[in-house]
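Peer 1: If you're matching them up, the sequences are chains A and B in order.
Residue 13 in the UniProt record's numbering is what sits at position 13 of the first sequence, and the numbering runs on without skipping anything.
Residue 304 in the UniProt record's numbering is what sits at position 304 of the second sequence, and the numbering runs on without skipping anything.
Accuracy of the hints is not assured; some may be wrong.
Said to hold, decoys possible - Partial list, derived from the structure: chain A residues whose beta carbon lies under 8 angstroms from chain B: (1) LEU2; (2) VAL22; (3) THR26; (4) GLU30; (5) ARG38; (6) GLN96; (7) VAL97.
As the list claims (entries may be wrong) - Derived CB-CB ranges, DEER-like: (8) GLU182(B) with ASP223(A): 52 to 60 angstroms; (9) GLU57(A) with GLY78(B): 26 to 34 angstroms; (10) THR28(B) with ALA252(A): 44 to 52 angstroms; (11) ARG36(A) with CYS123(B): 26 to 34 angstroms.
Everything labelled a hint here was simulated from the structure, so no lab data went into it.
Where is the CB? At the ideal position from N, CA and C, for every residue including glycine.
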Amino acid sequence: MLPASLDEAVEALAATPAAVPVAGATDLMEAVNAGRLRPAALIGLGRITELRGWRYEDGGTAVLGAGLTHARMDRPDFAALIPALADAARTAGPPQVRNVGTLGGNIATAAPAGDTLPVLAALEATATLARPGATREVPVSHLLTGLDPLRPGELLTWVRVPLLHAPQVFLKATGRSGPARATASVAVVLDPARRAVRCAVGAVAPVPLRPLEAETWVASCIDWDGSREIDPAATAAFGEYVAAACVPDSYAAEGPWEAVTEGPTAAAVRLRRTVSVLARRALGRALK
Amino acid sequence: MTTESLDSGPLDPAPPVSAEMRPCASYTLRVNGFERPVTDAWIGESLLYVLRERLGLAGAKDGCEQGECGACSVQVDGQLVAGCLVPAALAADSEINTVEGLSAGGAASDVQQALAESGAVQCGYCTPGMAMAVHDLLQRNHRPSEVEARQALCGNLCRCTGYRGVLAAVQTVAESRAAEAEQAEESTAPAEEGAAERPAAAPVVTEQSAADVPLAGELPVYADSDAWVEHVPQPPAAGPPPAGHQGHQDHQSHQGHQDHQGHQDHQSHQSHQGQPQHQGQPGQPGAGPSGEHLGGPYGDGAGPSGGPTAAGTGTGMGMAYGGHEQGGQPGAPYDTGVYDTAVLPPVPSFPTQQGPAGQQNGQGYYQQPGYPEGAYAGPPAHGTPAHGTYLPGAPGYQEAPYEGMPYQVPGQQNGQQHGQQGVPYPGPAYRSGEYDTTDFEHAPYDGPVYESTPAHGTAFDGTGYDGTPAQGTPYIPTPPHGVPTDGAPAGVPYGADPAHGIVPQPSGTSIPEDRHA
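Based on the provided sequences and hints, a complete structural model is requested.
Peer 2: Laid out in structure tokens, this is it:
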């Protein structure tokens, strides 16, 4: 069914909680085609035009519709608002996928390699979940980690993102030169008002990771009042710090023996290097 | 095809399940401007599956079912999407355009023509998707740069020919369309009759040159091919790329070019009628709409696998069912997969303005007055059917590979290589004086050098995916909107930086990659 308004969709979902709300269907249909998913019913969200745009709130927050497509987020007007999200959307896949894949779908699928997820985690975005007659706000990171998961019958409608008016960088390492799933991705966001650096690493774990200690440490190294410069060595150290915090020694270990006897696995070493380079470059670009 | 047989399709490997496990829906899809009802389809069926298996529009190909390959690209509400990732039930009352709709008149669109002539086709499996991607790109961006073209095509994988030919086709079509628009602007004479004077009025410089393609001033790789025509001052309208110029060149005033540009059409004539040089003669057996327009699933309308013939690209698909529905028998030949032409009413008349290629084609081909209805009764006496054209009633037709498919060298445009793509055809062998299959097969391939794939690390130069080496070295998207990249600080030149294998050094020390942090 194709509800035309948000209220209709919420009602429909409440009526049939087993139904799968579908926006872009790029992840859903992949699972369906592979036989991993057999939806009982589909509720198409593509007709809900209000969810396909965004609005501003309180001067400092953008409320993004869950139906905002990656192709839309890639456009310059959006990139001026939230550059890291635009970068993530641009690299999220081929045009065929970005034209339909949505922000809300990226959150709801919560794929480890979801490109917008580290950005949302770094931005500390909150999601609005709607059910008939009520809504609730949940931080996206809580949603992703399962701390406060989506309940049956709830529909992800809006994503609140603070407008920081500061450089944001999203970098992504892939296995090939074309659009591909990230092997690691890093989002670095500066918050000059709070004098904070926020960083999230995606695709190395089932959920985006926040190296909180590295963030606070590197924020103390930045001259916030001046030209926001940082010693290149501190940038490199930040990269190492982030990588060590996000990639455990036992990453991709074949078994427990490998983790205890061998130190970091080869995969961990390699991934740490990738993450450290990504984080260092991201911070370098953000502070440029 | 019954629902039961569909149920055992690849989407549903499980044994029969109860009805509530298989929720079905009936809906109507608007495909290429025609309403196509779909009844009792499982809601999990992808648009690709419904188009191919239920509606008989086999142009979009099923490559990966994951949205990775782009072979299933179609347009939904004007946006390019992967057909395999769209639930068909949710695409109801959307406007769906498939590759069959690119060439609704039966002739290849300029995009398809350019793809065929640029040598962008080898096995052709990716080409319907490529055609849609190029079409979509050129709808949005009339003069795409090479980088933009690469970005637009980054979701279409080709493992045969590489992408050079496709990129050349993009430029070809863009330039021919630009020239066309310019001509339309310049020709103040509004009447179409003034077309004969038009080419003379517009010797606009539309030639390709190295400056058009951002390749750092050097000629692109395909520059030595025939798709690349450096402009030599010529009498007007001896236009540069052969593909797109068919639209605005007037064939009557340029008979000299007729053979060159219209060879595709000649070819399809010949191959269908077995009688070369039969233009404009009415009532040719085999030229009737029934024979031509049952392109069937093999005429995927993509030019490519449909072979380079203009008329043989299966583009008749769209028209065929269109005419059919007008005839009040919706979808009959398609939902069964049985291409029974006997019930096909003749497609009444083809529009004369089919777009660029259609004009050219229209001369002697589609506007032949008075096809005898059902005059086409089986294979023609001579001639191989154009590739991608299913001859109805040909008993031995089977899904054979296109073996012996001659590589279409764009330069050899004597109009004889097209179409004979090894379609199993029970009729007598094609016997045209100029074309000899065996000779051609053993002829040395002297075509253009197409670089097979974008070289690793060099493919997406500047597209934002700049060349990630395979070692997992981070990929740095260059933000196109003015965000400056952080270059090497303090004037330190970029040093040789081993891509991998360096043991990270303790923080605080200077490590090589600090230089471009």
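Peer 1: With reference to the structure, classify each hint as holding or not holding.
Peer 2: Each hint tested on the structure:
no., hint, result
1, LEU2, "holds, 6 angstroms"
2, VAL22, "holds, 6 angstroms"
3, THR26, "holds, 5 angstroms"
4, GLU30, "holds, 5 angstroms"
5, ARG38, "holds, 7 angstroms"
6, GLN96, "holds, 4 angstroms"
7, VAL97, "holds, 5 angstroms"
8, GLU182(B) with ASP223(A): 52 to 60 angstroms, "holds, 56 angstroms"
9, GLU57(A) with GLY78(B): 26 to 34 angstroms, "holds, 31 angstroms"
10, THR28(B) with ALA252(A): 44 to 52 angstroms, "holds, 49 angstroms"
11, ARG36(A) with CYS123(B): 26 to 34 angstroms, "holds, 30 angstroms"
Figure legend: structure checked against the earlier numbered hints; every hint is met.
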